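**Q** Single-letter residue listing:
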Amino acid sequence: MIATAGAPRILLDHVSVSYETPRGRLQVVDRVSLAVDKAEFVVLVGPSGCGKSTILRAIAGLNAAESGTITVDGKTVNGPPEHIGFMFQKDTLLPWQTVRQNIEVGLALAGVPPALWTQRVAGLLALLRLSEFRDAYPAQLSGGMRHRVSLGRMLAYEPAVMLMDEPFGALDFQTKAVMGRELLRIWEAERRSILFVTHDIEEAVALADRVLVFSPRPARIVAEHRIDLPRPRNLRALRGSPDYTAYTRAIWEALGDGD
Amino acid sequence: MTDPVIAEEILAPTRPARDGFDVSAFVWRLVLVAGLLLVWEFSAGRLFNEFWSSRPSLIGERLVALVKSGEVWRHVDATVSEALLGLFLGALVGTPIGIALAHYRRAAKIIDPFVMGLYGLPRVALAPMFILWFGISLFSKVMMSFSMVLFVFILNVTEGIRTVDPDMIDLMHTMRAPRSYIMRKVTIPSIVPWLIAAFRIGIGLSLVGAVVGELIGANRGLGWYVVRAGGQLDTTGVFAGLFLLMLLAMIANQIIFMIEQRALHWRRGAR
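Note that the protein sequences, when read in sequence, are chains X and C.
Per our numbering, residue 1 is the first one in the first sequence, and the count goes up by one each step.
Per our numbering, residue 1 is the first one in the second sequence, and the count goes up by one each step.
So that you can see chain X by itself, here it is in the shape it has in the complex (with noise of 0.2 Å):
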């Protein structure tokens, strides 16, 4: 692909990755091409342990790709690239700083003056609606608490491309819909690149514009659906509605019997 400026903000040619194991070379991920463009909302799905993750992970520098090329923005990565947003699905708060520290690790590690911070560590509460919590400890909050306060650091690090991987899968389903919600009322607001791994197909289709279906391990894209839905989008009407519903029974099909 020519880089213009419609150029994608995610580009995977022919990626590949191995793990060294005990028992021998594991190959997990099996030439993997995707580009993700700006402001784009990209899901991957995938039975469990298939290799989804590992993608992620190697789209942000922590792991190599065997062969191929990654890049972002044009530029090929070799250790973590500028402006990525990272989610796991554990939160990775720090246990030992308040919700208000928390956050401004992405302030600082994004460079924002700290004279800034307050202003932005504010307005950011406010989204979460956490401002109550500014100066808790993350023993002192639920899970989805946690999980809001995890959002919110990736957010003040002002990230261009969010990589999310099962951020919500810890959750219980009620704690998940809401931050599916607030994810997306946050991403309809200011669109960003998104690549959100997840094994919940209900999820993917209410959250995505494209929906990547991937193979057991060895990962390779089986399918891919565009979600034609519209935006913003509500998602309890959605839940009822035909349209959502064949998206899902389409992917299930896709998936197969899986593993």
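I should point out that these hints are in silico values taken from the structure, not numbers from a laboratory.
Worth double-checking, as some hints may not be accurate.
Taking beta-carbon pairs under 10 Å as the criterion, some of the chain X residues facing chain C (in silico) [said to hold, decoys possible]:
id	residue
1	60
2	79
3	84
4	86
5	87
6	89
7	93
8	105
9	106
10	140
11	154
12	159
13	228
14	232
Far from chain X, some chain C residues (derived; all Cβ distances over 12 Å) [unchecked claim]:
id	residue
15	29
16	106
17	109
18	118
19	171
20	181
21	232
22	234
From a predicted model like this one, the values you see are computed outputs, not experimental measurements.
All C-beta atoms, glycine included, are put in the ideal place defined by N, C-alpha and C.
Fit chain C to the supplied structure of chain X, relying on the hints for placement.
**A** Then chain C, alone, in the frame of chain X:
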């Protein structure tokens, strides 16, 4: 590297203590102590010869006399200085060794059996050499105490660094955090609980080291006081010395507990 039993029971950071002061437990403690002392006081001289066990009232008198004459300070000062110097020296030397061992895993693996061998060696058995090498001054007791606590710091710090959450480090890497920032924000705070645990265990061991050193050769200190009293068949003196040692250990523990409460306040949940 460490045996799981050691890792769990000795090395694991102590659980966060509950808030507030438990009045009922405190009252029960007083009742228990008073009861035992009364039994002791009234059985001594009746059920058995008080020569063997002395009695609380005599021990009390002796303690008062020791405080009045000022002699007690000479001994407490000696023992506390030896123990504290040994403890801080152990922390100062053990912590960097622990960090290095966590960092250079290959080297750590190679020397592991030797470290564990030295760790298991009863340090008391080294006392004659310590006297030979370091004399019978304060220094030999400090070294004895140091040899007791050194391994606690090495093992705790190594284990503490190994339990740093790799996802937390990865997250910092994705935001291109400099090494020094990761050290300051992630690594050091995660070993603090382990360091405090090392101090908690080390404080008792450093007292043991100081007393063992004094038992072998000294002219002051609580250990020396106990040994001398024993030599003179002065059971009251022995118990007075033991009581002071116990008191020191309890005070030290309380201080560590207070430090722990302050340093690890973030562990406390909401309710």
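**Q** Can residue 79 of chain X be said to touch chain C, with a Cβ gap under 10 Å?
**A** Hint on residue 79 of chain X: holds, closest Cβ of chain C at ~8 Å, below 10 Å.
**Q** Against chain X, does residue 29 of chain C keep a CB gap of more than 12 Å to every residue?
**A** Holds, because the least Cβ-Cβ distance between residue 29 of chain C and chain X comes to about 30 Å, which exceeds 12 Å.
**Q** Identify whether the interface hint at residue 159 of chain X stands, where standing means a beta carbon of chain C within less than 10 Å of its own.
**A** 9 Å, holds
**Q** Please verify that hint: residue 93 of chain X, Cβ, nearest Cβ of chain C, below 10 Å or not.
**A** Holds: closest Cβ of chain C sits about 9 Å from residue 93 of chain X, inside 10 Å.
**Q** With a cut-off of 10 Å on the beta carbons, see whether residue 154 of chain X makes it to chain C.
**A** 9 Å, holds
**Q** Was residue 106 of chain C rightly flagged as not at the interface, with every chain X Cβ beyond 12 Å?
**A** 17 Å, holds
**Q** Should the label of residue 118 of chain C as a non-interface residue stand, given a Cβ cut-off of 12 Å to chain X?
**A** The claim holds: residue 118 of chain C sits with its nearest Cβ about 31 Å from chain X, beyond 12 Å.
**Q** Regarding the assertion that residue 232 of chain C does not contact chain X, is the least Cβ-Cβ distance greater than 12 Å?
**A** Residue 232 of chain C clear of chain X: closest Cβ-Cβ about 53 Å, beyond 12 Å.
**Q** With chain C as the partner, please determine if residue 232 of chain X meets the hint condition of a C-beta pair closer than 10 Å.
**A** 29 Å, violated
**Q** Beyond 12 Å from every chain X Cβ: check whether that's true for residue 171 of chain C.
**A** 5 Å, violated
**Q** Is the shortest C-beta separation between residue 140 of chain X and chain C less than 10 Å?
**A** With a minimum Cβ separation of about 4 Å from chain C (threshold 10 Å), the hint on residue 140 of chain X holds.
**Q** Per the stated criterion, does the least C-beta distance between residue 181 of chain C and chain X lie above 12 Å, as a non-interface residue requires?
**A** Check fails; 7 Å does not lie beyond 12 Å.
Hint check: violations occur at hints 13, 14, 19, 20; the rest are consistent with the structure.
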